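Which chain is which? The protein sequence lines are A and B, in order. Residues 72 to 738 (my numbering) make up the first sequence, in order. Residues 72 to 738 (my numbering) make up the second sequence, in order.
Think of the hints as simulated: they come from the structure by calculation, not from any bench. A few of these clues could be false.
EDC-like cross-link-like pairs, simulated, lysine to aspartate or glutamate; straight-line CA separation at most 20 Å [said to hold, decoys possible]:
{"no.": "1", "chain 1": "B", "residue 1": "K118", "chain 2": "A", "residue 2": "E335"}
{"no.": "2", "chain 1": "B", "residue 1": "K437", "chain 2": "A", "residue 2": "E335"}
{"no.": "3", "chain 1": "B", "residue 1": "K524", "chain 2": "A", "residue 2": "E642"}
{"no.": "4", "chain 1": "A", "residue 1": "K221", "chain 2": "A", "residue 2": "E335"}
{"no.": "5", "chain 1": "A", "residue 1": "K524", "chain 2": "B", "residue 2": "D424"}
{"no.": "6", "chain 1": "B", "residue 1": "K149", "chain 2": "A", "residue 2": "E642"}
{"no.": "7", "chain 1": "B", "residue 1": "K481", "chain 2": "B", "residue 2": "E379"}
{"no.": "8", "chain 1": "B", "residue 1": "K481", "chain 2": "B", "residue 2": "E459"}
{"no.": "9", "chain 1": "A", "residue 1": "K437", "chain 2": "B", "residue 2": "D471"}
{"no.": "10", "chain 1": "A", "residue 1": "K149", "chain 2": "B", "residue 2": "E509"}
{"no.": "11", "chain 1": "A", "residue 1": "K149", "chain 2": "A", "residue 2": "E351"}
{"no.": "12", "chain 1": "A", "residue 1": "K712", "chain 2": "B", "residue 2": "E509"}
{"no.": "13", "chain 1": "B", "residue 1": "K524", "chain 2": "B", "residue 2": "D392"}
{"no.": "14", "chain 1": "A", "residue 1": "K620", "chain 2": "A", "residue 2": "E642"}
{"no.": "15", "chain 1": "A", "residue 1": "K524", "chain 2": "B", "residue 2": "D471"}
{"no.": "16", "chain 1": "A", "residue 1": "K149", "chain 2": "B", "residue 2": "D471"}
{"no.": "17", "chain 1": "B", "residue 1": "K149", "chain 2": "A", "residue 2": "E351"}
{"no.": "18", "chain 1": "A", "residue 1": "K149", "chain 2": "B", "residue 2": "D392"}
{"no.": "19", "chain 1": "B", "residue 1": "K524", "chain 2": "A", "residue 2": "D392"}
Cβ-Cβ distance ranges computed for the label pairs, FRET-style [what the hints assert, rightly or not]:
{"no.": "20", "chain 1": "A", "residue 1": "P216", "chain 2": "B", "residue 2": "S289", "range": "34 to 40 Å"}
{"no.": "21", "chain 1": "B", "residue 1": "G540", "chain 2": "A", "residue 2": "R631", "range": "41 to 47 Å"}
{"no.": "22", "chain 1": "A", "residue 1": "A426", "chain 2": "B", "residue 2": "P628", "range": "54 to 60 Å"}
{"no.": "23", "chain 1": "B", "residue 1": "P628", "chain 2": "A", "residue 2": "S720", "range": "26 to 32 Å"}
{"no.": "24", "chain 1": "B", "residue 1": "V189", "chain 2": "A", "residue 2": "Q500", "range": "42 to 48 Å"}
Values in this document were obtained by computation on a predicted structure and should not be read as measured data. Think of the CB as a built atom: it goes at the ideal place given N, C-alpha and C, for glycine as much as any other residue.
This is what each chain is made of:
Number of protein chains: 2
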Amino acid sequence: MRQEVDGMKSVHEGVLTLHKPHPLVADQRGNIDEMESKLTTEAAVSKCEVIQVAIVCAGHNSSRSMVTLIKSMLFYRKNPLHLHLITDAKAHLILSTLFDTWSIPQMEVSFYLADNVVSEVSWIPNKHYSGVYGLLKLTLPKALPSSLRKVIVLDTDVTFATDIAQLWALFQNMKSDQALGLVENQSDWYLGKLWKNHRPWPALGRGYNTGVILMDLSKLRSMNWPHLWRMIAERDLQTMLSTSLADQDIFNAVLQQNPRMLHEIPCHWNVQLSDNTRSESCYTEVADLKVIHWNSPKKLRVKNKHAEFFRNLHLTFLEYDGNLLRRELFGCSNYSTNKQASSYINHEQINEDDACYEFRCVKYIKYRTHLFYLDYDYEQESSDGSSEWDVTLVAQLSMDRLQMIESLAKHWEGPISLALYMSDTEAQQFLSFVISCETLANRKNIGYHVVYKEGSLYPINFLRNVALGQVTTPYVFLLDIDFLPMLGLYPYLKRVMSNLHMSEGNKALVIPAFESLRYRLNFPKTKADLLKMLDVGDLFTFRYHVWPKGHAASDYPKWRSATTPYKVNWEQDFEPYVVVRRDVPEFDLRFAGFGWNKVSHTMELEAQNYQFIVLPNAFVVHMPHAPSLDIAKYRANPLYKRCLDTLKSEFMSDLSIKYGKTFPVGN
Amino acid sequence: MRQEVDGMKSVHEGVLTLHKPHPLVADQRGNIDEMESKLTTEAAVSKCEVIQVAIVCAGHNSSRSMVTLIKSMLFYRKNPLHLHLITDAKAHLILSTLFDTWSIPQMEVSFYLADNVVSEVSWIPNKHYSGVYGLLKLTLPKALPSSLRKVIVLDTDVTFATDIAQLWALFQNMKSDQALGLVENQSDWYLGKLWKNHRPWPALGRGYNTGVILMDLSKLRSMNWPHLWRMIAERDLQTMLSTSLADQDIFNAVLQQNPRMLHEIPCHWNVQLSDNTRSESCYTEVADLKVIHWNSPKKLRVKNKHAEFFRNLHLTFLEYDGNLLRRELFGCSNYSTNKQASSYINHEQINEDDACYEFRCVKYIKYRTHLFYLDYDYEQESSDGSSEWDVTLVAQLSMDRLQMIESLAKHWEGPISLALYMSDTEAQQFLSFVISCETLANRKNIGYHVVYKEGSLYPINFLRNVALGQVTTPYVFLLDIDFLPMLGLYPYLKRVMSNLHMSEGNKALVIPAFESLRYRLNFPKTKADLLKMLDVGDLFTFRYHVWPKGHAASDYPKWRSATTPYKVNWEQDFEPYVVVRRDVPEFDLRFAGFGWNKVSHTMELEAQNYQFIVLPNAFVVHMPHAPSLDIAKYRANPLYKRCLDTLKSEFMSDLSIKYGKTFPVGN
């Protein structure tokens, strides 16, 4: 939570003055290297011992930052881990989906909803909402299960540069009353002389940083911790009025009153990188850093060689392929919580000798999925009742179509749900792209859902289902990313749906699709424009040259002169772009890569007796791009074609059984 | 070198039988974990102590494999390193360029040409050429400088999973005569009972693996090592006839005679993953692995969970962004060999307040460059004298154009030099792409030069210069990757150059450029075909709609009816695709991304009084693709345009000074 109060801290801590260290602290410090070298030998953690970690996490951005922490922890760990996550609803959705799909062996994750304990700290006067989450660390002895006796508590903005077992081992050095292991604060904040009338909360010497805490829950419980910190906080709040550094102020006030509770940890277990700290004197002295704390996650200038060092360390885990962390720990197999869950693909369901093995696997892969990768905030308009007809555009893409998002956002002002198929590195590039793109940076009604790459086939229908699954409006417009809707399609759809009584029965509104074969297109502003361009050959009906069946059922000749919506019948291989209810059937996962991924879906709509109604004044236009790698693979590989045929007939047969109908055999 | 003799080993070691360990070995082993825990405390390596490492490396594939080793070593290291590389000419070119451009602080690299010592071992009967390089480890005490007293010797196919300082520390445990620190061999090879009449070289018990050696050079020198191993090898060769496992056989024979020289290292310092080894009993016992030895780098099946563990570890460093390893070691600044060289970009040359700072930087960035990333073997035909007119196609690309390589290779059977701008991860994808592509897998006359991504601009001219710099034919054809040459252009050019007396004076043969705006193009087979397609609008002259000036000087109307080469004059903004001598001026590095990168080059040709001669029966056709990100940036960013204008006028002014000519001001 340090991150979210950072704006405030970096202003306050901006001045560096050196003071004589508090005598008590000086006594305790000793020689760090010596202390450390003793610890690594004396305090070994036994093989397969479970290490307990608690993190408070709220909101989209903290969730993203926490993933980097988790990756660094997993990279170096050699022990089973148990994560205890105290989250708000947003972070809970994101992180429970992420860990479920990540399937990391020998890591258990427990969630605790912040709402249940927020009342314990919400009475504390606080400068902004996120501060409440910052304060939640105070409630851990109560919030965590009583069977849990000790836990490492981390801020979301720390990165490990070593095995966390070494930190866990330090618990063994905590004596009698020592219930909180902490690193000294590396700024001068608590010395209280940063500016005139600067009055920080009371602390021992420089105070202690709560980004990394060894918390002995048993000892705290036996000291009646909730009562203890509350008494001291209430007393100090009479003069302080509010906390400045959230939980850290209160922990320091408690320690100042009860120094025996403190166990000091060497500085390199929490190297604090906010502006003007004394952290440099820590990291240049020791041979290795253990934990970096990005108190101030602002962009580091390249010209500072230290900054570059830390930036590289951070990028290492930011860009690290999280799938590689699914490695088993040797000899700790007993700990696997759930054999089934710990495998991200259930191979047993497929016969390995099947020639279509690779294609069949796709259906069973749990792709690691990070929902709402960026800030998302969409409130449906409801005062005028228009939310009743609100519609979200649903699409999926990989990096090579990234630029399309901007154009799409310009053509569709309504909510959008996008699934993005990317590597961890590409996710970072995507992040920079959105931040630097004016059109997108301020749009909060686009939900970006990152699905991490796995295997060689583009899981198009998995992506569609992920994007579809996060829609909150009653209707969805199922489109592909290489299409641009006509300007004004969003309000047009909302109007038309109300007239068509869209909520009654199964209806699919068909938006006719056209195609430009040229790069430079003056996008048609009206239907009249579009018809003119069709006549002179600047536009074509979609896939007119190669796959007319896909859209022929829309009846383009009729559409030319239509002024009112008209019904059409489903035909074989029909794959129109449609507006449907959000609870439409999911896309069939066996179709990945090129071929039949939409055809199969339209067929299921037909099986459910959907009416296909073509809208007379709506259209989308396919924008040119180089052929996708998947099409190239399809063309090159006879096995791909053969397996696709097998999957098709299996799908048809499943559909017949499910709906008791038979369909004509396609090609 | 293990890798290159692997085919042989994995056959021989394919059977697993367990034998009673040799008594001597059993005594020495003891409890590994206990031994290890002693070592980490007793034998600390002091901060900033330089760790010496020697590696023998020959050929393209070993160079690539060695980079993964180096990355893993750098990732965990906290000490300065000095690499001693014994290489053949190919590996020397590749690795010296790589390390020069990598600019890793606190890592020194010394090269030793294998040719100088190969005679010491080439007399040993050996089954294939690479074996000579395998044997070179025997010569290290002589080949390495006498000031070097101890060194860690590694095969190229090992990966570190821990800090190499821990291995270096084991030198302190080597007593009196112990000159070679080795891990026991984890296969049954030396037990000599794998099959009937299996007669391995003599060894102590299971023998020792030479993939990781702690070599005390001083002790070996004082024992007259060259004499020692030679005597034993000569004697054993009388009965053995040749070595099977290269140096490893001879090291084992020497140790069998001189067991006092051996210091055994715990098994996890060389976990040998060839088929059916006893390595599993090592890696499931210990808490952590230190060094993995990929004796058998074949594809590991996903269904084996151990295989997956090791594959992930390997991929971690294969795909790791090497640029991130340019981090400085804190507090070891004294060791920096060369301050200038250790910075991959010399910032001092640019004023940071310059609005065009980002654009000016590009010129000074040393992009990490891995030449000849894949096998390359091109012998110019010379018997018939045709090599006199041989010509290499030069181009550059990033991942989004990868598919173009295949088409290009089909249209151009001659040598090609390609610079590829990629991340480390993309380089792996590129590797798989080439291996799986029939057309490319067997072509050895394509030089692939990987330039690793750095910063946000596509360094188009740096890439062109890299590709140009590795050409060995007298002529080059400077093309862009999105063009396909007419079929038969390669032999046509060689014929035409001989007729045109290409070697006399400065000549640039212009190949007229056309453009298809449609995806599906029936590529014109002849000039007549092409003219027909022009007439019906299926093709256009290149950039006819948006930038006619670039190629107008080729005089398309004249070309239509031309049957013989004709001269044209340079005109402003001319940027034709040309065939020129290899020693043509380099492309100007200040132009990166979109704009003026070729125009400036053509201008310099004009300044050097090149004759521009258009070929009547040659053409190239631009294939459609979505606009590049660089063009999008150019269009979106007014600063980009302004800076490009500044760079243009600076280039013009530099050119005027260099050649004493003035050029009309462009746009």
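Evaluated hints:
Straight-line distance between C-alpha atoms of K118/B and E335/A comes to about 25 Å, which puts the hinted pair past the 20 Å bound. About 45 Å separates the Cα atoms of K437/B and E335/A, which puts this hinted pair outside 20 Å; it is violated. Taking the CA atoms of K524/B and E642/A, the gap is near 49 Å; set against the 20 Å cutoff, the hint is violated. Taking the CA atoms of K221/A and E335/A, the gap is near 16 Å; set against the 20 Å cutoff, the hint holds.
Under the criterion of a C-alpha separation no larger than 20 Å, the hint pairing K524/A with D424/B is inconsistent with the structure, at around 40 Å. Of the pairs offered as hints, the one joining K149/B and E642/A is violated, with about 67 Å between alpha carbons and a cut-off of 20 Å exceeded. Distance check on the hinted pair: K481/B and E379/B sit about 37 Å apart at the alpha-carbon level, beyond 20 Å; violated. Our distance criterion of 20 Å between C-alpha atoms is broken by K481/B and E459/B, whose separation comes to about 23 Å.
The straight-line distance between the Cα atoms of K437/A and D471/B is roughly 27 Å, outside the 20 Å bound, and the hint therefore fails. A distance of roughly 42 Å separates the Cα atoms of K149/A and E509/B; the hinted pair therefore is violated under the 20 Å criterion. Of the supplied pair hints, the one linking K149/A and E351/A is violated, its CA atoms being roughly 29 Å apart against a limit of 20 Å. This hinted pair checks out: K712/A and E509/B have alpha carbons roughly 19 Å apart, not beyond 20 Å.
Between K524/B and D392/B the CA atoms are separated by roughly 9 Å; this keeps the pair inside 20 Å, and the hint holds. At most 20 Å may separate the alpha-carbon atoms for a hinted pair to count; K620/A and E642/A meet this at roughly 8 Å. A C-alpha spacing of about 17 Å is found between K524/A and D471/B, which places the hinted pair at or below 20 Å, so the restraint holds. Proposed proximity of K149/A and D471/B is contradicted: the alpha carbons are some 39 Å apart, above 20 Å.
With a C-alpha separation of about 17 Å, the suggested pairing of K149/B with E351/A holds against the 20 Å cut-off. For the hint pairing K149/A with D392/B, the CA-to-CA distance comes to about 24 Å; that exceeds 20 Å, so the pair is violated. Of the supplied pair hints, the one linking K524/B and D392/A holds, its CA atoms being roughly 18 Å apart against a limit of 20 Å. At about 60 Å, the beta-carbon gap between P216/A and S289/B misses the expected band of 34 to 40 Å.
For the pair G540/B and R631/A, the beta carbons lie near 59 Å from each other, so the given range of 41 to 47 Å is not met. Distance hint for A426/A and P628/B: a CB-CB separation of about 57 Å, consistent with the stated range 54 to 60 Å. Between P628/B and S720/A the beta carbon distance is about 58 Å. The supplied range of 26 to 32 Å is therefore violated. For the pair V189/B and Q500/A, the beta carbons lie near 46 Å from each other, so the given range of 42 to 48 Å is met.
Hints 1, 2, 3, 5, 6, 7, 8, 9, 10, 11, 16, 18, 20, 21, 23 from the earlier list are contradicted by this structure; the remaining hints agree with it.
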